[in-house]
Amino acid sequence: MYAALWRVLPGPAWCKVIELVVLAAIVVVVCFTWVFPAVEPHLPGSGQTVG
Amino acid sequence: MTLGDTQRAPEPLPSRPRRPRRRSRALAVTLRSASVLGELMVTAGVLIVLFLVWQLLWTDVVADRAQAAIVQQVESTWTAPPDTTIPQVQRHTDDPPPEPAPVEGKVWATIYVPRFGKHYVRPVAEGIDKTTVLDKLGVGHYPTTQMPGELGNFAVAGHRTTFVKPFAQIAEIRKGDAIVFRTKTTWYVYRATDHLVVWPGQVGVLSPVPDDGWQVTQPTGPLTKRYLTMTSCHPKVWGVKRYVQHGVLSYWAPVSSGVPPELAGMDLSKDGKKATS
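Protein sequence lines, in the order shown, are assigned to chains Y and P. Quick note: the first sequence, position 15, residue 15 per the numbering used here, numbers continuous. Every number in the numbering used here is 1000 more than the matching position in the second sequence, counting from 1.
Because the hints were derived from the structure by calculation, they are not lab data. A hint or two may mislead.
To be verified - Below 16 angstroms or equal to it, Euclidean Cα-Cα: the simulated EDC-like pairs (lysine to aspartate or glutamate) are: (1) P:K1136 - Y:E40; (2) P:K1118 - P:E1172; (3) P:K1118 - P:D1177; (4) P:K1130 - Y:E40; (5) P:K1184 - P:E1099; (6) P:K1225 - P:D1194.
Model the full assembly from the supplied sequences, consistent with the hints where possible.
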């Protein structure tokens, strides 16, 4: 999977490393901004009210 | 990750016996699917760690900025109390002047708990909706319960592990600790009494005379006490139950009469300092 990703990315190795860092950063931002806030209310441990 | 996939394996030495080609292909497919499966599992693990970082650390960072700004903003529209201790004659135990009806999702009070640290002050908003009030504004007032200082039960909820966790130290409250609320005009000083752990369905803790029943009960006789109820999750992180701290009103006092002696020693300077313990 990641080997295939490495082959698909253009440029020399140092360039691929930078591309991977950018991709990872995008994944983190997407998760922090949209995915996690959407998932969190459905997990246990987030309730602090009765009723 | 096998970065060397592109490189061809060196030709086997002539002396080594060749393995049947079919078997090595089957082996390669198995190995490849195993490595993809492994990579997927590692990815899932990394995402779970990332989620915990977000939940336990990042939500604090975001909400802390927001709540500090909210307290400053709200209190800046209020008149600061004179720098004197509230005299005994101004400590009332009768009905306080009525507060204006709060608006859902709007901050209308602040809470001070000396036990939580000398910088501890958080906004109190109307409503207990998780995403609009508790995640963003801090502490929320159960709209179905009484207003502070009133006969009956003034109940609030707050996070314990995430979103700046205003009630992170709720289990450190000891009997007799001061829990102080301020509105635009009035201080309400409560003293902690007992605490209990209940299931989320035990809404009796919100009753005008709180109990641990499964429904809110209206007392038959006239109300005589002014209770406080704070709820948060329990146990920490895996909050399937609720931690409940009760208190009773010690007195209320007009803000114009000074600062409650219970808050002496607290550093409430408006330098935007993070509220820490």
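**OP:** Check each numbered hint from earlier against the structure, then list the numbers of those it violates in ascending order.
**Re:** Hints that this structure does not satisfy do not exist here, as all of them hold.
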